[in-house]
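J.: Chains A and B, in that order, give the protein sequences. So the number in our numbering is just where the residue sits in the first sequence, counting from 1, plus 138. So the number in our numbering is just where the residue sits in the second sequence, counting from 1, plus 990.
Don't read these hints as lab results, they were simulated from the structure. It is possible that some hints are incorrect.
What the hints assert, rightly or not - Straight-line alpha carbon distances no greater than 25 Å define the calculated DSS-like cross-link-like pairs of lysine-lysine that follow:
| id | chain 1 | residue 1 | chain 2 | residue 2 |
| --- | --- | --- | --- | --- |
| 1 | B | K1054 | A | K222 |
| 2 | B | K1054 | B | K1161 |
| 3 | B | K1161 | B | K1042 |
| 4 | B | K1049 | B | K1161 |
| 5 | A | K222 | B | K1161 |
| 6 | B | K1049 | A | K163 |
| 7 | B | K1042 | B | K1054 |
| 8 | A | K159 | B | K1042 |
| 9 | A | K163 | B | K1042 |
| 10 | A | K159 | B | K1049 |
| 11 | A | K168 | B | K1042 |
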Amino acid sequence: MIDIILSLVCGIIIGRILPLKESHKILIQKGYTAVIFLLILFMGLQIGMNKSIMGNLSTIGVYAALFAVVTISGSVLAVLAVEKAGVMS
Amino acid sequence: MIALIVCALVMGVALGFFNILPEAALGGVGLCSRWLLIALLFLVGIDVGGNKEVLADLKRMGAKILVLPLAITAGSLLGGMVASVLTDVALYESLAVASGMGYYTLSSIILTQAVGTTLGTLAFLSNIFREILTVVTCPILARISRLAPLASGGATSMDTTLPVIIQCTSKTVGVLAVISGVIITLLVPFLVSLFAQYIS
Chain A
139 MIDIILSLVC
149 GIIIGRILPL
159 KESHKILIQK
169 GYTAVIFLLI
179 LFMGLQIGMN
189 KSIMGNLSTI
199 GVYAALFAVV
209 TISGSVLAVL
219 AVEKAGVMS
Chain B
991 MIALIVCALV
1001 MGVALGFFNI
1011 LPEAALGGVG
1021 LCSRWLLIAL
1031 LFLVGIDVGG
1041 NKEVLADLKR
1051 MGAKILVLPL
1061 AITAGSLLGG
1071 MVASVLTDVA
1081 LYESLAVASG
1091 MGYYTLSSII
1101 LTQAVGTTLG
1111 TLAFLSNIFR
1121 EILTVVTCPI
1131 LARISRLAPL
1141 ASGGATSMDT
1151 TLPVIIQCTS
1161 KTVGVLAVIS
1171 GVIITLLVPF
1181 LVSLFAQYIS
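Here chain B stands alone, though its shape is the one from the complex (with noise of 0.2 Å):
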């Protein structure tokens, strides 16, 4: 999955570069970009919505559950703050790329279509960092606490770096980084779309 990102990433960037698609082109794809986030947000929910285990599991720990996400979410959001004040990022633009919590295929592209694309790229860039940076030191997390690699993660700790975490941890963990990692992959469109509004 991650070389078929690299690749059509890759492609699209030479392709724009160097002006190869006629004008013509270019105009459909905005257009035709807003109806492929719709279609991929339905495809996310039915994936989500079909996941019987996940939803069985969420009904047996009850309410407790929701505060491993929501502590991540607020981690997240804090830290988006404190980058806000360390570079010249306004603050709603900060919290926007914060919010995507390494889910950096889908906050890019809804930063890149509300706001721009320098802020899209920012999000793929910082998130696609959060996961590479959360697979390296999962080893290192692990040992702070069993928890700790899972926060890392955020949204990604569902699947892409669900094999190191259970590598680094247990499958205890594991289970609890599929439901915590699921809790945060839905609130990212929300977040991400919430604080876009906000950046004038």
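So that you can see chain A by itself, here it is in the shape it has in the complex (with noise of 0.2 Å):
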């Protein structure tokens, strides 16, 4: 988890120091999808391996809808009740 962590903190530390240009940030969004396309494949693979993943991925799909579904319900309700006490204002 401290590598995860680290690396966040050290971009966040370095893209404000470093005056970017438009041209920089265009080639990070492109290094930014590079590494999202490979680490997605990456884990198709180990999706499309697993024998036991495959033969439940109904259950996984019911599950995963129920999962946002109910997160969805509890932030939307959160935020209602931030309204409604009045922080927002």
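Both chains are given apart, each in its own frame, so use the hints to dock them into the complex.
T.: See below:
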């Protein structure tokens, strides 16, 4: 976990200190897309090789939909409570 | 971006399912993924750190701006607890999945590496569903409250769901959505890996 937090913090500090030109930002965006592509490809590889996941995809899908609905509901209700309390005004 | 991600996922699943890659190549995938993940977070950090407008807005609004992303996070975690009761997914696993808050790429990658592929798949699907549901229900949510679409979007309210949120609400809410999304995006890797540590 510590390496994840450290690389994030290092990135923020470097992003703040270095004056980034627009061309640099485009380069970073491209690098980001390439890294995401590879990571998702590798994750797909692990999913495809895992026979128990491939066999239970419908169950996992139903669970995933349930998680999406309850987390959205929780967040919306929490924000409504904050609004009611008048903190944001 | 979403087309590219679906394309990468389908290619990966096909390669894995039909055992196309040699055994030797597969060994390198795990190690390579770890370094790619670190590179990814570094790039996310540079992007956030270099965004002067967001930083200026943050300073102007002070500590009050934290209320929104913290409430959204607390609500999602509460939802994760409810999901754990409704399903046979263990509490910390549920909390780790719920902590994704729509950031499906990062949360699923961290959980695949830290816990396993099954939980990573659940994180991927549930968080991509959160993004899709936010887009689809945005007009309805906006009628309940102007901040509800932003709450539903979680981490995605800073980029992918932002256009729909602005469309359904206003530019002012759009600014709040970006700031809240950025803070949640920074919280996601922290929370997901924190809960992952408690999964036995």
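J.: Evaluate each hint against the coordinates.
T.: Verification of the supplied hints:
Distance hint between K1054 of chain B and K222 of chain A is fulfilled; the C-alpha atoms sit about 15 Å from each other, no more than 25 Å. A C-alpha spacing of about 19 Å is found between K1054 of chain B and K1161 of chain B, which places the hinted pair at or below 25 Å, so the restraint holds. Taking the CA atoms of K1161 of chain B and K1042 of chain B, the gap is about 18 Å. The hint holds against a cut of 25 Å. The straight-line distance between the Cα atoms of K1049 of chain B and K1161 of chain B is roughly 19 Å, inside the 25 Å bound, and the hint therefore holds.
Restraint check for K222 of chain A and K1161 of chain B: the C-alpha separation of about 22 Å stays at or below 25 Å, so the hint holds. Restraint check: the Cα-Cα separation between K1049 of chain B and K163 of chain A comes to about 23 Å, which is no more than 25 Å; the hinted pair holds. Restraint check for K1042 of chain B and K1054 of chain B: satisfied, since their Cα atoms lie roughly 19 Å apart, inside the 25 Å limit. Of the pairs offered as hints, the one joining K159 of chain A and K1042 of chain B holds, with about 12 Å between alpha carbons and a cut-off of 25 Å not exceeded.
Distance restraint check for K163 of chain A and K1042 of chain B: the Cα-Cα separation of roughly 13 Å lies within the 25 Å cut-off, and the hinted pair is therefore satisfied. Between the alpha carbons of K159 of chain A and K1049 of chain B the distance comes to roughly 23 Å, so the proposed pair stays at or under 25 Å and holds. The hinted pair formed by K168 of chain A and K1042 of chain B meets the criterion: a straight-line CA distance of about 20 Å does not exceed 25 Å.
Of the hints listed earlier, there is not a single one the structure fails to meet.
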